[in-house]
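K.L.:
Fit chain B with the ligands to the known structure of chain A by using the hints.
Residue-level listing of the chains:
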Amino acid sequence: MTGGHTPRLAFGSGNGRYVEHIIQVENLYKRFGKVTAVDGVSFSVAKGEFFGLLGPNGAGKTSTIRMLYGFSPPSAGVIRVFGINIEDGWREVKARIGVCHQENTLDPDLSVVQNLHIFAGYFSVPPDEARNRAEELLEFFALSHKKHAKVAELSGGMARRLILARALINRPDLLVLDEPTTGLDPQSRHQLWDKLDALKRSGITVVITTHYMEEAAQLCDRLVIVDHGKILVEGSPESLIAEHAGRHVIEVEGPDESLRKFVVDRNIAHEDLEHRLILYTSEDASINDTIREKFCMDKCTFRNGTLEDVFLRLTGRELRE
Amino acid sequence: MIRLDTISWRFFKVWKRNLVTYQKIWKVSFITPLLEPMLFILAFGLGFSGIIDAVSYAGADFSYTQFMAPALIAVAVMYNAFFETTYASFVRMYYQKTFDGMLATPLSLEEIIIAEIVWSATKATAAAAIMMTVLGVLGFVDFPAGLLILPTALLGGLAFGAVGLFFTGVTPSIEMFNLPIFLFITPMFLFSGTFFPVSNLPAWARPLALAFPLHHLVEMVRGFGLGAHETSSLLSLAYLVVFSVVFTLAALAAMRRRLIK
Ligand SMILES: Nc1ncnc2c1ncn2[C@@H]1O[C@H](COP(=O)(O)OP(=O)(O)OP(=O)(O)O)[C@@H](O)[C@H]1O
Ligand SMILES: [Mg+2]
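Residue numbers (our numbering), protein chains in the order written: chain A, 1 to 321; chain B, 1 to 261.
Just so you know, not all the hints are guaranteed correct.
Listed next, the stretches of chain B that the computed footprint assigns to chain A, with coverage defined by at least 3 CB atoms under 8 Å from CB atoms of chain A [unchecked claim]:
{"hint": "1", "stretch": "7-17"}
{"hint": "2", "stretch": "97-110"}
Dumping the calculated DSSO-like pairs for lysine-lysine here, alpha-carbon to alpha-carbon at most 27 Å [stated by the list, open to error]:
{"hint": "3", "chain 1": "B", "residue 1": "97", "chain 2": "A", "residue 2": "195"}
{"hint": "4", "chain 1": "A", "residue 1": "146", "chain 2": "B", "residue 2": "24"}
{"hint": "5", "chain 1": "A", "residue 1": "47", "chain 2": "A", "residue 2": "200"}
{"hint": "6", "chain 1": "A", "residue 1": "230", "chain 2": "A", "residue 2": "47"}
{"hint": "7", "chain 1": "B", "residue 1": "261", "chain 2": "A", "residue 2": "150"}
{"hint": "8", "chain 1": "B", "residue 1": "27", "chain 2": "A", "residue 2": "147"}
{"hint": "9", "chain 1": "B", "residue 1": "24", "chain 2": "A", "residue 2": "150"}
{"hint": "10", "chain 1": "A", "residue 1": "34", "chain 2": "B", "residue 2": "261"}
{"hint": "11", "chain 1": "B", "residue 1": "24", "chain 2": "B", "residue 2": "97"}
{"hint": "12", "chain 1": "A", "residue 1": "200", "chain 2": "A", "residue 2": "146"}
{"hint": "13", "chain 1": "A", "residue 1": "294", "chain 2": "A", "residue 2": "261"}
{"hint": "14", "chain 1": "A", "residue 1": "147", "chain 2": "A", "residue 2": "195"}
{"hint": "15", "chain 1": "A", "residue 1": "34", "chain 2": "B", "residue 2": "97"}
{"hint": "16", "chain 1": "A", "residue 1": "146", "chain 2": "B", "residue 2": "97"}
{"hint": "17", "chain 1": "A", "residue 1": "34", "chain 2": "A", "residue 2": "230"}
{"hint": "18", "chain 1": "B", "residue 1": "16", "chain 2": "B", "residue 2": "97"}
{"hint": "19", "chain 1": "A", "residue 1": "47", "chain 2": "A", "residue 2": "195"}
{"hint": "20", "chain 1": "A", "residue 1": "200", "chain 2": "A", "residue 2": "147"}
{"hint": "21", "chain 1": "B", "residue 1": "24", "chain 2": "B", "residue 2": "261"}
{"hint": "22", "chain 1": "A", "residue 1": "230", "chain 2": "B", "residue 2": "261"}
{"hint": "23", "chain 1": "A", "residue 1": "150", "chain 2": "B", "residue 2": "16"}
{"hint": "24", "chain 1": "A", "residue 1": "146", "chain 2": "A", "residue 2": "195"}
{"hint": "25", "chain 1": "A", "residue 1": "150", "chain 2": "A", "residue 2": "195"}
{"hint": "26", "chain 1": "A", "residue 1": "147", "chain 2": "B", "residue 2": "261"}
{"hint": "27", "chain 1": "A", "residue 1": "150", "chain 2": "B", "residue 2": "27"}
{"hint": "28", "chain 1": "B", "residue 1": "16", "chain 2": "A", "residue 2": "147"}
{"hint": "29", "chain 1": "B", "residue 1": "16", "chain 2": "B", "residue 2": "27"}
{"hint": "30", "chain 1": "A", "residue 1": "299", "chain 2": "A", "residue 2": "261"}
{"hint": "31", "chain 1": "A", "residue 1": "146", "chain 2": "B", "residue 2": "27"}
{"hint": "32", "chain 1": "B", "residue 1": "16", "chain 2": "A", "residue 2": "146"}
{"hint": "33", "chain 1": "B", "residue 1": "97", "chain 2": "A", "residue 2": "147"}
Calculated directly from the structure, the hints in this document are not laboratory data.
Even glycine gets a Cβ: it sits at the ideal position worked out from N, Cα and C.
Chain A extracted, bound-state conformation:
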């Protein structure tokens, strides 16, 4: 499978088992003229892991991903995929990756099934084998009835599914997905999640970017949040929520000065949005009760901390770009 290269082995964190690293990125930089899109990023992804790359618009996610699959040369830094330095072994690495671009790169001159056949050819999959795989993938992604349709006739959800099917035509060991669910309705999104879940069980490694925090929390084993080309935090969704948002969050509409004073006196982690106060109160039941009894004049929402809280706390609330 690896054609002579042995993937590098390294100790996994804590449990002492050997972990096979599918991706190792060290000190990666990408500059476009004066803009530094990726500013010294290091991370690694283990075999079978579902790894998320989150960040606001322009954070550098797509730039990072493009370097990962050998499309764009790094300004500095080293990328190893399957233990192979991508600069030397780009062809071998690309042969084992499936990529789902942020924008639609389906071939509109070809029909649905031709998109799969021709793409298989780029990977040197023999025609008979390509036909079998195409049938299988169309079936899996519920596209069999559109087999001979033009790409332009597909709905957004179907087009996304076809892009994913195309990314799997070479039976990749690593799947790279740049915002695979952007613009999809909830039905299509949930369907795609199901498919991704099924793929995950087959042992494939996935790197995914998304702006849907719920999606990241549900799919990712581990993720990083990046901003301005730098990694802010890394961890599992649960650990990041526990560390940066706490288990309990209270949103108070129209907070008054006494609440503000209370929050400052008690040293409660919070964000003040003028008309709304967001309190990260963790497990402290007494504080929660006090707020419920004394300060909830107008409207209070008691809820669990989410990845969205973590994201907004770390990257701020201002608009980007």
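P.N.:
Chain B with the ligands alone, transformed into the frame defined by chain A:
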């Protein structure tokens, strides 16, 4: 930067992709080369009869239609190849993101570029073959020497495909193709010895015509199809080979600069 180490036979896969899309429209694509030569011969044969008796070219006299017929093939090669790697390649590259998709596979950018150029030459040769057959039936092409028009068309296709793709690599937008067409293609169409012999031009203008790749393509096609030419075929062959190589390298450099960010 020009990279040649990334080129392998895999370019053939991209060539095949273009063939598959061509097969969907081939019937339409065949109509032009089938009918165009008949239309030209008819128009010029009728329109010029009685005005121009004979064209004296390379020391002999030819009827005007005899003189002009081989040039039609050369012009078709130019337009087919050049339009394929300008407008059609630009649409694939810029609007359809076809190259972006391909670059997520084991293909290299250089293989895609070579495939686009070779494809444009293939398409130009197919058009040339049809026109040659039509003109042959009408008695305007000498066989078997005329068969050498096919490899000549392939070479001419490579030359115009390469220069077209170079323009695609540097053009800011699709509208800007008007510029090379107006400044490069149209003058060539008129002054390359297509509709009148270059020897008819004033002395100062003749070297200009000799600098045009279309002139050399016309001369070679006429040499094989009519058995007469003014410019040495060896010189024309060398010119077209050098032109193809230079602009293939220029296209590789321009496209790498444009697409690899
Ligand atoms: N080809 C390019 N030339 C110049 N600047 C670029 C180029 N590509 C990206 N950038 C810049 O690099 C930065 C990071 O862009 P990138 O596309 O990686 O962000 P992103 O995290 O994928 O954003 P989004 O969520 O909007 O997709 C941005 O400031 C962008 O303008
Ligand atoms: Mg992006």
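K.L.:
Are the hints correct? Go through all of them and say.
P.N.:
Each hint tested on the structure:
1. 7-17: holds (count 5)
2. 97-110: Coverage by chain A holds here, the residue count being 11 at a Cβ distance below 8 Å.
3. B:97 / A:195: Cα-Cα ~26 Å, so holds.
4. A:146 / B:24: holds, 18 Å
5. A:47 / A:200: holds, 11 Å
6. A:230 / A:47: Judged against 27 Å, a Cα distance of about 24 Å means the pair holds.
7. B:261 / A:150: violated, 31 Å
8. B:27 / A:147: Holds, at about 24 Å.
9. B:24 / A:150: holds, 12 Å
10. A:34 / B:261: holds, 14 Å
11. B:24 / B:97: The hint holds at about 20 Å.
12. A:200 / A:146: OK: residue 200 of chain A and residue 146 of chain A at ~26 Å, within 27 Å.
13. A:294 / A:261: Cα-Cα ~13 Å, so holds.
14. A:147 / A:195: holds, 19 Å
15. A:34 / B:97: holds, 26 Å
16. A:146 / B:97: holds, 22 Å
17. A:34 / A:230: holds, 16 Å
18. B:16 / B:97: holds, 18 Å
19. A:47 / A:195: Satisfied, since the Cα-Cα distance of roughly 19 Å is no more than 27 Å.
20. A:200 / A:147: It holds: about 25 Å lies between the C-alpha atoms, which stays within 27 Å.
21. B:24 / B:261: It is violated: about 34 Å lies between the C-alpha atoms, which goes past 27 Å.
22. A:230 / B:261: holds, 20 Å
23. A:150 / B:16: holds, 19 Å
24. A:146 / A:195: holds, 18 Å
25. A:150 / A:195: This hinted pair holds, its Cα atoms lying about 23 Å apart.
26. A:147 / B:261: Roughly 35 Å between the alpha carbons, so the hint for residue 147 of chain A and residue 261 of chain B is violated.
27. A:150 / B:27: holds, 19 Å
28. B:16 / A:147: Since the Cα atoms of residue 16 of chain B and residue 147 of chain A sit roughly 20 Å apart, the hinted pair holds (cutoff 27 Å).
29. B:16 / B:27: With a Cα-Cα distance of about 18 Å, the restraint between residue 16 of chain B and residue 27 of chain B holds, given a limit of 27 Å.
30. A:299 / A:261: Holds, at roughly 18 Å.
31. A:146 / B:27: holds, 25 Å
32. B:16 / A:146: holds, 23 Å
33. B:97 / A:147: holds, 22 Å
In this structure, the earlier hints numbered 7, 21 and 26 are contradicted, and the remaining ones agree with it.
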